Amino acid sequence: MRREGSPFRGLSTVFVKELADHLSSIRMLMLELLIVFTALAALYGAISSLRQNTAEDPFLLLRLFTIDKAPLPSFVAILGFLIPLMAIGLGFDAINSEHNRRTLSRILAQPIYRDALLMGKFLAALATIGISLAALWLLVIGLGLIFLGVPPGGEEIARSMVFLVVAIFYAGVWLSLAMLLSIVFRSPATAALVSLGIWLFLAVLWPMLAPALAQAIAPADPRYALLGLNDPATAIWTQELLRLSPNDLFGEAMLAVLSPTTRTLGPVFLDQLRGAVMGSPLPFGESVMIAWPQTVGLIAGTIVLFAFGYVLFQRQEVRA
Amino acid sequence: MRNQSTDSRGTAPDPVIAARGLTRRYGATAVVDGIDFDIARGEVFGLLGPNGAGKTTTILMMLGLTEISSGEVSVLGFNPAREPLKVKQRVGYLPDAVGFYDHLTAAENLAYTAKLMGLARAERARRIEAALARVGLAEVASKRVATFSRGMRQRLGLAEIIVKRAEIAILDEPTSGLDPQATQEFLGLIGELKAEGITVLLSSHMLDQVQRICDRVALFQGGRIVLMGAVPELAVKVLGAGFVVEVEADGLGIARRLAMIPGVTQVDTLGVDRFRMTAERDVRPDAARAVVTVGGDLRRLSIDEPSLEAIYARHFQIRPRGDVRHAA
Chain G
106 MRREGSPFRG LSTVFVKELA DHLSSIRMLM LELLIVFTAL AALYGAISSL
156 RQNTAEDPFL LLRLFTIDKA PLPSFVAILG FLIPLMAIGL GFDAINSEHN
206 RRTLSRILAQ PIYRDALLMG KFLAALATIG ISLAALWLLV IGLGLIFLGV
256 PPGGEEIARS MVFLVVAIFY AGVWLSLAML LSIVFRSPAT AALVSLGIWL
306 FLAVLWPMLA PALAQAIAPA DPRYALLGLN DPATAIWTQE LLRLSPNDLF
356 GEAMLAVLSP TTRTLGPVFL DQLRGAVMGS PLPFGESVMI AWPQTVGLIA
406 GTIVLFAFGY VLFQRQEVRA
Chain B
52 MRNQSTDSRG TAPDPVIAAR GLTRRYGATA VVDGIDFDIA RGEVFGLLGP
102 NGAGKTTTIL MMLGLTEISS GEVSVLGFNP AREPLKVKQR VGYLPDAVGF
152 YDHLTAAENL AYTAKLMGLA RAERARRIEA ALARVGLAEV ASKRVATFSR
202 GMRQRLGLAE IIVKRAEIAI LDEPTSGLDP QATQEFLGLI GELKAEGITV
252 LLSSHMLDQV QRICDRVALF QGGRIVLMGA VPELAVKVLG AGFVVEVEAD
302 GLGIARRLAM IPGVTQVDTL GVDRFRMTAE RDVRPDAARA VVTVGGDLRR
352 LSIDEPSLEA IYARHFQIRP RGDVRHAA
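In order, the protein sequences belong to chains G and B.
If you count by my numbering, then the first sequence holds residues 106 to 425, one letter each, in order.
If you count by my numbering, then the second sequence holds residues 52 to 379, one letter each, in order.
It is worth saying that the hints were derived from the structure and are not from the lab.
Everything numeric in this text was worked out from a predicted model, so none of it was measured.
Certain hints may be false.
Said to hold, decoys possible - Calculated cross-link-like contacts (lysine-lysine; reagent style BS3-like; alpha-carbon spacing at most 30 Å):
#	chain 1	residue 1	chain 2	residue 2
1	B	K288	B	K245
2	B	K245	G	K122
3	B	K166	B	K194
4	G	K122	B	K166
5	B	K288	B	K166
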């Protein structure tokens, strides 16, 4: 039998309240300051190196996102590292804090379903991240205008908009994970530690472990080693394993979209390059097609993790 | 909205809550084990019993906040498992140790739940102001809840029920952790709800407080209702008699005379001029008349009202083990 009434009743109320809470919280302010300052440092490095050779790059604005100047990584790499932190910071105490404050049963005694509470919290946190990223995006374009003095072209804007959308879904994966853990663990500290642990593992340890695992699964053929080449089987395994991490998916998608010369994200055989004009940029649509599987992977991850949390939350006991 | 409450199940608006064989199991343990009860419109009904006896679980099943393993419950004619929104629209709930968002003010906290109730802006402001004034929190309406005492939070929770204009108010352990004065004030507020015709269901383990305001009580133990009814009825059933009257008077043959009063089941002689009568009703007028008839001097006439605590103690003394189960 179906339950009566809409699961979305009260969704906008929860959304507005949670959004207001996030935007006015000190935690959010700290996260924003952290991201803005690191991003500014990366941008400064990029701008100073771009000013030295502004030769004939048709995608000058996009170079702002991707260029790195040692010791600083590029703007996109920094975001790939910090967006998860922001999402975890907004999601790790979403549900368990309601339990601990003993507000959960009072709120759920109002005429709404649990769906509205969970969805409202998720969308509010995602909107908060979206607002911050959009502000950051405008900052990059503004700084580009001021310091490089080149107006951005339509394609550059389109490509950087794709960056924004993919970044929001990347945040969605981590937000879903953090909220799932906030449902599983009654203590916010435990949920935060576990999410940060997973983040560190995937961001720092996994890129080192994946090649080692690939070696174990598909040992390199010594004939390739004699020729000084990588075994394609090992390389493919490495890449497939790396792609289990959302960080890698985000990185690959950004590479395809923000560096228009990127033709493929996997290993390339020489015959595949026959007829290609090396170094010439791909059209916008083609770049998006290259980034599409990675983007879908991020969206799917968001949905799957959210669905897990949803099922657990529906079955959870309300009483403290 | 109103005509929906008299649907298939509810031929009359009473009873407002009806439970039949209501059961909640966790694995093999039954936390609530096949309970039946009816609650009439406008009465104050007490769910009493030790912690872990199944009171809160029963309440959560009535609100559709936890699954019902078997049996059924109807609240205002609705099935809480299938139509929880209709039930929750009409029923106010004050959880055990209620919590609020500490960084919001009292009025903001109420505004959030009032929005979830679906009230329009103007209506919301009006109702919140009136409700806060009624529970005596009008002057702290714009203070953060973080500074509130336990008693104030409890009253704020009641204000939420008033804002909702609930037909049924369910209060879980409303007076636990309150100081005597706050308890008195809170019980007074519950009395006001009753006077307005709101049905009140409250759970408690503080028997003496509840006795004063409940029309009927249900005593829980191990997930079952072991006793149910009005306190004087239960006293007759469990203690054998409801009233204990002590008489201090002298005069010839008083004891025999007192024993002849209809309704008196027993007369004990405590001293030369002191007697204790056990009776099914308040026999003080008859006792006074009896003393006067034999020409004695009446010095004292006192009555012990039946106490729920005595009933409870006696009941579990009679059957202390056996059907005692441990709720998880």
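Hints, verified against the model:
This hinted pair checks out: K288/B and K245/B have alpha carbons roughly 27 Å apart, not beyond 30 Å. About 34 Å separates the Cα atoms of K245/B and K122/G, which puts this hinted pair outside 30 Å; it is violated. A distance of roughly 20 Å separates the Cα atoms of K166/B and K194/B; the hinted pair therefore holds under the 30 Å criterion. Straight-line distance between C-alpha atoms of K122/G and K166/B comes to about 10 Å, which keeps the hinted pair within the 30 Å bound.
Using a Cα cut-off of 30 Å, the hinted pair K288/B and K166/B is violated, with the two alpha carbons roughly 48 Å apart.
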